[in-house]
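Colleague: I would like the entire structure built from these sequences, with the hints used as guidance.
There are 4 protein chains.
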Amino acid sequence: MAPLMAGGSSRKMRIGLIGAGRIGQVHCKAVAATPVAEVVVVADFFVKAAQACAEKFGIAKYCQDWNEVVQDALVDAVFICSPSDTHCDIIIAAARNGKHIFVEKPIDYELSRIDLALQEVAKANVKLQVGFQRRFDPNFMRVKKAMVDGEVGEPYMLSIISRDPAPPPIDYVKKSGGLLYDMAIHDMDMARHIMGCEAIEFSAMASSFSPEISAVGDVTTAVVTMRFENGAIGTIQCCRKAVYGYDQRIEVLGSNGGVEIGNNYPNTAVVSTAANISRDLPLNFFMERYAAAYANEIFAFVEAVVEDKPTLVTGKDGRIPVIMAMAAKKALDERRCVSIREVLYGNSKL
Amino acid sequence: MAPLMAGGSSRKMRIGLIGAGRIGQVHCKAVAATPVAEVVVVADFFVKAAQACAEKFGIAKYCQDWNEVVQDALVDAVFICSPSDTHCDIIIAAARNGKHIFVEKPIDYELSRIDLALQEVAKANVKLQVGFQRRFDPNFMRVKKAMVDGEVGEPYMLSIISRDPAPPPIDYVKKSGGLLYDMAIHDMDMARHIMGCEAIEFSAMASSFSPEISAVGDVTTAVVTMRFENGAIGTIQCCRKAVYGYDQRIEVLGSNGGVEIGNNYPNTAVVSTAANISRDLPLNFFMERYAAAYANEIFAFVEAVVEDKPTLVTGKDGRIPVIMAMAAKKALDERRCVSIREVLYGNSKL
Amino acid sequence: MAPLMAGGSSRKMRIGLIGAGRIGQVHCKAVAATPVAEVVVVADFFVKAAQACAEKFGIAKYCQDWNEVVQDALVDAVFICSPSDTHCDIIIAAARNGKHIFVEKPIDYELSRIDLALQEVAKANVKLQVGFQRRFDPNFMRVKKAMVDGEVGEPYMLSIISRDPAPPPIDYVKKSGGLLYDMAIHDMDMARHIMGCEAIEFSAMASSFSPEISAVGDVTTAVVTMRFENGAIGTIQCCRKAVYGYDQRIEVLGSNGGVEIGNNYPNTAVVSTAANISRDLPLNFFMERYAAAYANEIFAFVEAVVEDKPTLVTGKDGRIPVIMAMAAKKALDERRCVSIREVLYGNSKL
Amino acid sequence: MAPLMAGGSSRKMRIGLIGAGRIGQVHCKAVAATPVAEVVVVADFFVKAAQACAEKFGIAKYCQDWNEVVQDALVDAVFICSPSDTHCDIIIAAARNGKHIFVEKPIDYELSRIDLALQEVAKANVKLQVGFQRRFDPNFMRVKKAMVDGEVGEPYMLSIISRDPAPPPIDYVKKSGGLLYDMAIHDMDMARHIMGCEAIEFSAMASSFSPEISAVGDVTTAVVTMRFENGAIGTIQCCRKAVYGYDQRIEVLGSNGGVEIGNNYPNTAVVSTAANISRDLPLNFFMERYAAAYANEIFAFVEAVVEDKPTLVTGKDGRIPVIMAMAAKKALDERRCVSIREVLYGNSKL
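Chains as they are written, first to last, in full-length UniProt numbering: chain A, 1 to 350; chain B, 1 to 350; chain C, 1 to 350; chain D, 1 to 350.
Since the hints were derived computationally from the structure, they do not count as laboratory data.
We treat Cβ as the ideally placed atom computed from N, Cα and C, and that holds for glycine.
Among these hints, one or two may not hold up.
Per label pair, the in silico range of CB-to-CB distance [as the list claims (entries may be wrong)]:
no.: 1; chain 1: B; residue 1: Ala60; chain 2: A; residue 2: Lys61; range: 34 to 42 Å
no.: 2; chain 1: A; residue 1: Glu68; chain 2: B; residue 2: Lys123; range: 40 to 48 Å
no.: 3; chain 1: A; residue 1: Gly217; chain 2: D; residue 2: Cys197; range: 21 to 29 Å
no.: 4; chain 1: D; residue 1: Val148; chain 2: B; residue 2: Glu154; range: 45 to 53 Å
no.: 5; chain 1: A; residue 1: Lys61; chain 2: B; residue 2: Ser112; range: 42 to 50 Å
no.: 6; chain 1: B; residue 1: Lys145; chain 2: A; residue 2: Ala73; range: 20 to 28 Å
no.: 7; chain 1: C; residue 1: Phe285; chain 2: A; residue 2: Gly217; range: 54 to 62 Å
no.: 8; chain 1: D; residue 1: Thr86; chain 2: C; residue 2: Phe285; range: 26 to 34 Å
no.: 9; chain 1: D; residue 1: Pro211; chain 2: B; residue 2: Lys145; range: 39 to 47 Å
no.: 10; chain 1: A; residue 1: Glu212; chain 2: D; residue 2: Thr86; range: 49 to 57 Å
no.: 11; chain 1: C; residue 1: Lys309; chain 2: A; residue 2: Asn284; range: 54 to 62 Å
no.: 12; chain 1: C; residue 1: Asn230; chain 2: B; residue 2: Lys145; range: 51 to 59 Å
no.: 13; chain 1: A; residue 1: Gly217; chain 2: D; residue 2: Asp333; range: 37 to 45 Å
no.: 14; chain 1: D; residue 1: Pro211; chain 2: A; residue 2: Asp308; range: 58 to 66 Å
Modeller: This is the structure in structure tokens:
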């Protein structure tokens with residue numbers, strides 16, 4: 001392949017999209033908004049979805065089999081937006097074909113499979129970015145900046161509130177891996193990203209307020225407490241249901257002060273009546289709340305590839321939250337504090 | 001021309017852009033984001049600007065002379081983003097060529113020229129939309145909704161705060177028509193839009209806090225007070241300089257309550273230190289603050305053309321704020337209340 | 001009389017209260033909270049009210065005739081909380097008897113009577129403080145501090161919102177002197193207090209949204225615009241009715257930035273439901289909103305007397321807002337800008 | 001003794017104050033503000049403090065020995081504001097003398113001593129109220145109301161943030177019983193008060209960010225997680241140091257929505273400069289933040305005695321937080337979840 005645009009070349013970076021569902025289309029839009037990349041092929045097991053996506057975004061080619069994409073000589077990078085259980089296989093195949101990789105979270109829930117996939121990525125020396133889009137949200141970025149710039153100082157406490165507007169369908173819950181793997185894992189990524197070091201000890205408590213969810217052995221509500229290497233204590237408060245909408249907040253307290261972020265709203269209007277002073281509900285769910293974040297993460301990945309820089313969310317970043325979820329689950333099940341070392345027995349490094 | 005996409009056709013609406021400057025490019029981006037329209041030609045007196053714009057947005061054709069655009073048989077609609085003093089000539093030519101028209105504000109500052117242009121538009125029965133983008137801003141839209149839905153009730157008072165981060169270059173000020181024509185006019189549009197009726201009496205007071213701006217006979221700071229047909233009293237508080245950034249707020253009080261909107265911020269982070277509790281400055285200027293509004297107004301115009309519906313900001317909407325600015329200026333100069341009828345003497349209708 | 005407590009004496013400052021109504025009782029409470037003053041006599045035309053007040057606050061003596069109070073040798077200072085039309089007579093009598101004076105606003109609505117009273121005060125060299133309690137409100141004090149400390153810089157604009165929860169009874173309105181004298185006058189005091197200089201030009205526009213109030217020749221809604229000596233432009237937006245409660249806000253914009261204050265609330269709770277995000281209504285009216293301010297102004301007066309310092313709200317401060325209301329009323333009636341000099345023709349000084 | 005004021009009697013309730021320190025004086029002020037009670041005697045081991053307090057608040061009698069107070073035939077009720085380790089002895093003596101009791105928190109840290117004292121109170125059938133003043137704070141009261149009124153619905157999660165502006169002197173820390181007993185205990189009271197049921201399982205994690213505090217075996221930072229009888233999960237996040245001031249917030253999420261409260265501020269002013277948008281720091285510490293709450297709790301106790309109603313914070317309410325702190329401490333030390341039953345082994349009831 002000819003070199004990419006950087007360094008004077010004017011060739012666009014060529015992307016093969018695997019998975020033409022909602023999130024795949026979100027990424028197509030982001031690619032359309034950057035002049036240095038283009039989607040050249042889209043694959044989906046439901047080939048009609050691939051076709052519709054190709055038409056909507058003016059993509060030249062579509063197919064059913066993702067193997068065609070990873071083997072396509074034209075393709076510089078693949079976006080893996082297919083079901084989670086296909087991620088590792090596609091990563092391995094893409095790496096072996098020398099393609100750069102953007103993969104939706106989670107890489108997988110099996111640590112051994114993740115390790116295998118990341119070894120192939122390392123061997124092939126291709127770039128890989130995991131889709132933890134919240135890291136690219138302007139609010140969370142501002143918290144990170146407050147940490148990096150010293151506004152917070154030495155961190156003491158971290159508190160994450162993470163609530164969905166409503167539980168997913170019960171069929172989804174069944175296959176989700178449970179609240180800690182499905183929901184808290186994203187907050188775990190955020191926790192270690194903000195803290196800038198690893199969590200080494202976990203405790204957890206949980207309840208279910210849905211008989212339907214209890215029936216499939218899961219919980220609706222959980223608190224995870226973590227001790228970090230720097231001594232800071234962090235909490236994640238997860239809930240499947242907040243009737244007022246998607247609730248994603250974080251705050252950090254440190255020696256120099258604190259920083260906290262709130263939710264995003266559709267407008268700033270405040271209405272005052274004889275009853276109360278009110279504003280509209282926050283943006284309802286992740287597609288609205290993280291619209292800018294989704295675009296930003298794609299711009300960052302494209303930039304990393306085009307300018308040959310490291311990606312901002314690495315394979316390690318995809319791997320560690322799985323270990324954290326394992327530790328939190330063990331702590332929950334055994335009603336005790338669990339150290340990360342216990343979980344990693346046999347795994348030599350974090 | 002073949003019919004547009006609506007009604008089963010799959011042809012995109014074809015736009016000719018006149019003026020390849022900043023706002024022209026903003027509109028190109030909005031067009032790129034809708035699947036039902038495309039820019040097919042771009043003209044700019046500085047032909048290199050036209051060329052650069054064509055390359056950046058993949059526009060097939062560019063030229064220097066706007067006459068080529070209005071006469072281009074392919075073109076369904078023109079976007080007039082050239083200097084204000086060219087607007088009326090282009091409107092007239094476009095109308096005579098049967099093109100729909102999106103024209104940046106102001107149509108013109110001369111009422112007689114505006115009337116001439118709008119007569120041609122009426123004669124040609126083409127659609128025209130004026131670029132009062134604030135009407136499409138989610139905050140102002142929520143205020144309008146509070147009025148329409150009865151949350152406010154019978155309106156008593158309207159208060160508009162309108163402040164720029166810094167005065168424009170003095171050369172711009174010289175040709176701007178003065179603070180009332182250049183700046184307050186947009187707030188006048190918002191005032192009558194929100195109020196849903198016309199202002200009939202004006203009073204104004206102004207000061208200059210810039211020797212440079214005083215020297216060219218203009219002011220930096222003005223308050224305009226208006227009585228509306230429904231008896232409500234409105235104020236517009238304009239200032240060329242607010243060091244903390246672009247400040248655009250509005251509130252309405254009525255029999256059922258009040259509604260007010262604030263500024264938009266880059267993030268929701270609140271930082272607490274030993275000094276104070278703070279947040280970052282609001283979005284600095286109109287391009288950031290009204291990013292969504294600019295896109296929304298273009299989507300609305302495209303929809304009006306494609307679906308053959310009335311535009312949401314008509315020629316009349318572009319004409320009346322000019323009359324309001326005339327009345328306010330007269331009130332300011334003569335230090336007295338001035339009725340709109342006085343200004344319109346010889347003009348039969350509002 | 002023996003000297004007061006300051007300077008080592010332990011005698012309390014002795015106050016005679018004239019008017020045992022609501023505001024008189026509020027002041028009794030404030031006096032009770034300071035160890036350096038006490039109310040020793042209370043007079044009220046309705047002698048039962050005087051008696052009840054005396055019992056409630058443990059005041060040794062009560063009477064019907066205010067002359068007894070101003071002539072009482074024990075009394076150091078009088079609090080004039082009787083109807084407005086008695087203020088000047090009492091001031092004059094108190095001054096002639098060498099009593100210090102705390103007088104509720106307004107001193108009077110007749111400039112000539114005010115001047116006569118203030119001349120007697122000057123002649124007697126007693127202290128006088130006018131009850132503009134808002135100057136002692138923590139919010140307004142913070143705005144003043146922002147002006148004094150340079151946070152605002154050179155002031156450009158001042159905006160005051162002043163709204164009552166509901167119109168007073170129509171009998172009160174009839175005798176009130178009209179919206180500008182009755183309501184806006186307090187905002188005029190605040191305007192010149194915050195601005196630190198005088199308003200020199202006035203404009204006004206008003207409407208009535210109450211047939212009952214229209215019928216007695218008054219308005220419910222008014223905007224007053226003022227130019228100050230320093231060039232700043234100020235607005236006062238008054239309304240008799242805001243269904244959500246007492247609404248008293250102010251903001252200043254200047255060369256270094258802006259400062260604004262909001263209302264006070266009974267609590268900080270924010271309730272999020274499936275309908276909206278809401279908080280309780282603001283404190284409903286002046287007794288709640290200005291509870292701290294009423295106490296603070298009394299502490300300040302007592303301190304001024306005990307420590308022989310100038311009062312913080314002088315006779316001049318009580319006189320000028322009357323002139324401002326006269327100018328605003330003239331501007332409203334004559335639909336033109338009115339300079340303060342016009343109003344003061346024959347009055348040599350502000 | 002003659003009956004109290006209720007029922008037509010005009011006798012004031014007579015209070016004997018034990019402990020003339022800061023909090024004792026705060027309560028004197030509250031008593032002064034109610035017409036139905038008076039402090040008639042004050043005792044303090046430092047008799048000069050008792051004397052000074054008596055002079056300041058016009059209390060007729062003072063002494064060194066608290067026994068004189070509890071045996072004083074004039075006294076209806078005692079306020080126990082002496083050091084914690086004297087509380088139980090005084091409670092027992094007061095109860096045996098038939099005095100009603102207001103006792104500062106904690107009753108004691110030894111469960112056996114508390115039980116003994118409360119048995120005497122029950123035997124004597126006197127009223128006892130524990131000084132958990134936060135229950136009388138308007139913000140926390142609004143949260144409780146949201147729970148009681150059904151705004152929250154079935155509770156899912158409770159989150160308490162509790163941070164002091166700075167650690168106390170190390171000598172205080174040494175004797176404090178540790179962060180959980182000294183600081184978290186008040187949040188534990190709030191947790192069960194808001195939740196309306198008991199916490200039955202505890203987990204805790206803690207760190208120290210002060211070498212000095214580590215050296216005396218204590219921590220600066222702790223998170224306690226609790227499961228309540230209703231299934232809700234609660235967290236308390238405590239820290240000895242928040243440089244921006246006293247930080248006391250709470251939020252509850254439930255099936256119908258959420259409610260959260262913020263801090264209280266000295267004013268509502270928002271200052272906008274070229275640097276940021278800021279407000280002043282929150283009220284710095286408990287004396288300022290809970291000024292109204294301290295008065296309210298005394299009014300409530302006086303009312304309970306005068307009107308012969310149950311107190312709003314009972315002996316049981318003082319006892320249970322001690323058990324909660326015991327459980328949390330055990331959970332922290334043993335790095336595991338601890339049930340309240342474990343701690344209560346041998347104690348038959350909560």
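Colleague: Let me make sure I understand: some of the numbered hints might not hold for this structure. Which ones are they, in numerical order?
Modeller: The structure conflicts with hints 1, 2, 4, 5, 6, 8, 9, 12, 13, 14, although it agrees with all the remaining ones.
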